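**Student:** Chain by chain, the residues run as shown.
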Amino acid sequence: MLEIKNLHASIAGKEILKGLNLTINEGEVHAIMGPNGAGKSTLSNVLTGHPAYTVTEGEIIFRGKNLLEMTPEVRAREGIFLSFQYPVEIPGVSVVNFMRTAVNEKRQHEGKEPLKATDFLKLMREKKALVGMDNKLTNRSVNEGFSGGEKKRNEIFQMAMLEPCLSILDETDSGLDIDALRIVAEGVNALKTPKTASIVITHYQRLLDYIVPDFVHVLANGKIVRTGGKELALELEANGYAFLNN
Amino acid sequence: MLNSSIQHITLSIGEKRELVFLNESDMDWHIVQEADSFLRVHILFLSENDVTAQWQSKLFVEQNGANCRTEIYAMGLLHDTQQAHLLTRVYHNIGGGYSSQILKFVLNDQTKGSFRGELKILPNAQQTEAYQTNRNILLSRQADMLTEPQLEIYADDVKASHGATTGQLDESALFYMQQRCISRDTATKLLLEAFFNEVISTLSDEQQEQIRETIHRIL
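In the order they appear, the protein sequences are chains A and B.
In terms of the working numbering, the first sequence is residues 1 to 246.
In terms of the working numbering, the second sequence is residues 1 to 219.
One chain only, chain A, in its complex shape (with noise of 0.2 angstroms):
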């Protein structure tokens, strides 16, 4: 689904990802850890378009197209979701405003006629009660005044509207206590099928308890320096990054 070989990418002119290589299979959740400034979150960046980071060698490679030529809006209508580690707040627009527009520009894309209103009510409600997504929310402008745990739990609802197949939670875990982490996490379990993939970033081995990994990857100083299975992270949390110096 997703190849990435031999990333660099920078902002500001600053080179942060160096060399990065990452091959990513239908039906597979890769857990992506490692210290600050490793890179995590621009690797996210750059695979969702942010104009602020400049990918200077390598490619992408998503669902046999060439990522790194599309636009944001068009990578996001294929099929790439970004659970946000900072959801923005937009004043004066609804969510449910925000949504209707969101899933019709994808239906566009695919050759699609919008949503009847009736239908798209419908799809709401059910994604709702999946998510565990209260009734107010939606109608309020999006993320304006939603609590932490009400932010990521807006997050894996728009994610669940869009069914995306690549989806990337970008440290979903920061900002929650137990009982919203576990809610979030079983949003993204609901949503897992053969079709689908996640990479999820994270600094703690507690999520990665909820969403199970196929592979554990450390990203470090804008490479992948080891990669291994769910045990990884245990061995991360009691170990540390220790070994990356030696």
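Source of the hints: derived by calculation from the structure; they are not laboratory data.
As the structure is a prediction and not an experimental result, all values here were calculated from the model.
Don't be surprised by glycine CBs; every beta carbon is placed ideally from N, CA and C.
One or more of the hints may lead you astray.
Derived Cβ-Cβ restraints for the label pairs, each shown as a range [to be verified]:
#1 B/Arg212 to A/Glu237: 47 to 57 angstroms
#2 B/Gln207 to A/Arg182: 47 to 57 angstroms
#3 B/Gln207 to A/Leu123: 26 to 36 angstroms
#4 B/Gln142 to A/Arg63: 37 to 47 angstroms
#5 B/Asp185 to A/Glu59: 20 to 30 angstroms
#6 A/Asn135 to B/Ser201: 17 to 27 angstroms
Over 12 angstroms on every C-beta distance to chain B, these chain A residues come out as not near it, computed from the model [as the list claims (entries may be wrong)]:
#7 Asn21
#8 Leu22
#9 Ile24
#10 His50
#11 Ile61
#12 Glu69
#13 Glu73
#14 Val74
#15 Arg125
#16 Leu137
#17 His203
#18 Ile224
#19 Glu231
Using the hints provided, position chain B relative to the given structure of chain A.
**Tutor:** Below, chain B without anything else, positioned relative to chain A:
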């Protein structure tokens, strides 16, 4: 000569009045409010077809009786070489009054706009509440907005504030929306509609629909 073009009106005790000015050039109004009167004024600059429009508007409101309420809402969505220049002057001459002003401009292309807001609370106007907010978004490097909020307070028991900001659209919000499949153009429209909503939502339903349609056509 100039004075002859000023429109004078007085709101009598307890009177309520709503005025909507859409694309009025050279408007110059002086409105006096007597006690317990309520005034709401909308000043709107948005024309799809008149691409060289130059609007000059002056609105002078004096609260001459106690417990008056004044609300001023203004918006401009300028494109091509349009210009809009707005002066509001709100004087609280007597106490116990309330005034609020919300003024929002979006400037694209080579447009120019200016807002000067003179808000004065005179010594006899104790227990006045007066607020003024001017927010502007520049969509082009060639667009230019001059804003001069002026607050003069001569009474000591009042609540008053003013604020003015001029900036660009929130890039992080645009990217967030793009990441949710929404094109940059559509995202821009959604953000601008949201920006104007505070002004538009105070109009009647019928007017709201008309204004929203015009905004859509311009964007």
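**Student:** Beyond 12 angstroms from every Cβ of chain B: is that where the Cβ of A/His203 lies?
**Tutor:** Holds, since 22 angstroms exceeds 12 angstroms.
**Student:** Hey, is A/Glu69 genuinely clear of chain B, shortest beta carbon separation above 12 angstroms?
**Tutor:** Answer for A/Glu69: holds, closest chain B Cβ roughly 15 angstroms.
**Student:** Looking at A/His50 again, its CB stays over 12 angstroms from all of chain B?
**Tutor:** Incorrect as stated: the minimum Cβ-Cβ distance to chain B is 6 angstroms, not above 12 angstroms.
**Student:** Test the statement that A/Asn21 is away from the interface with chain B: the closest C-beta pair must be farther apart than 12 angstroms.
**Tutor:** About 24 angstroms separates A/Asn21 from the closest Cβ of chain B, which puts it past 12 angstroms; holds.
**Student:** Taking the shortest Cβ-to-Cβ distance between A/Leu137 and chain B, state whether it exceeds 12 angstroms.
**Tutor:** At about 16 angstroms from chain B, A/Leu137 clears the 12 angstroms cut-off, so the statement holds.
**Student:** Is it true that the C-beta distance of B/Arg212 to A/Glu237 lies inside 47 to 57 angstroms, as the hint says?
**Tutor:** holds (54 angstroms)
**Student:** Could you see if the CB distance from B/Asp185 to A/Glu59 stays within 20 to 30 angstroms?
**Tutor:** Holds: the Cβ-Cβ distance is about 28 angstroms, inside 20 to 30 angstroms.
**Student:** Does the no-contact call for A/Val74 survive, Cβ to all of chain B over 12 angstroms?
**Tutor:** Non-interface label fails for A/Val74: nearest chain B Cβ at 9 angstroms, not farther than 12 angstroms.
**Student:** Is it correct that the beta-carbon of A/Arg125 has no partner in chain B closer than or equal to 12 angstroms?
**Tutor:** holds (19 angstroms)
**Student:** Confirm or reject: A/Ile61 is not an interface residue toward chain B, with every Cβ-Cβ distance exceeding 12 angstroms.
**Tutor:** Given a closest Cβ separation of 20 angstroms, the condition holds.
**Student:** Please test the hint of 47 to 57 angstroms on the beta carbon pair from B/Gln207 and A/Arg182.
**Tutor:** Hint holds: Cβ distance 49 angstroms, inside 47 to 57 angstroms.
**Student:** If we take the beta carbon of A/Leu22, is the closest beta carbon in chain B still more than 12 angstroms away?
**Tutor:** holds (20 angstroms)
In summary, the numbered hints that this structure violates are 10, 13, 14.
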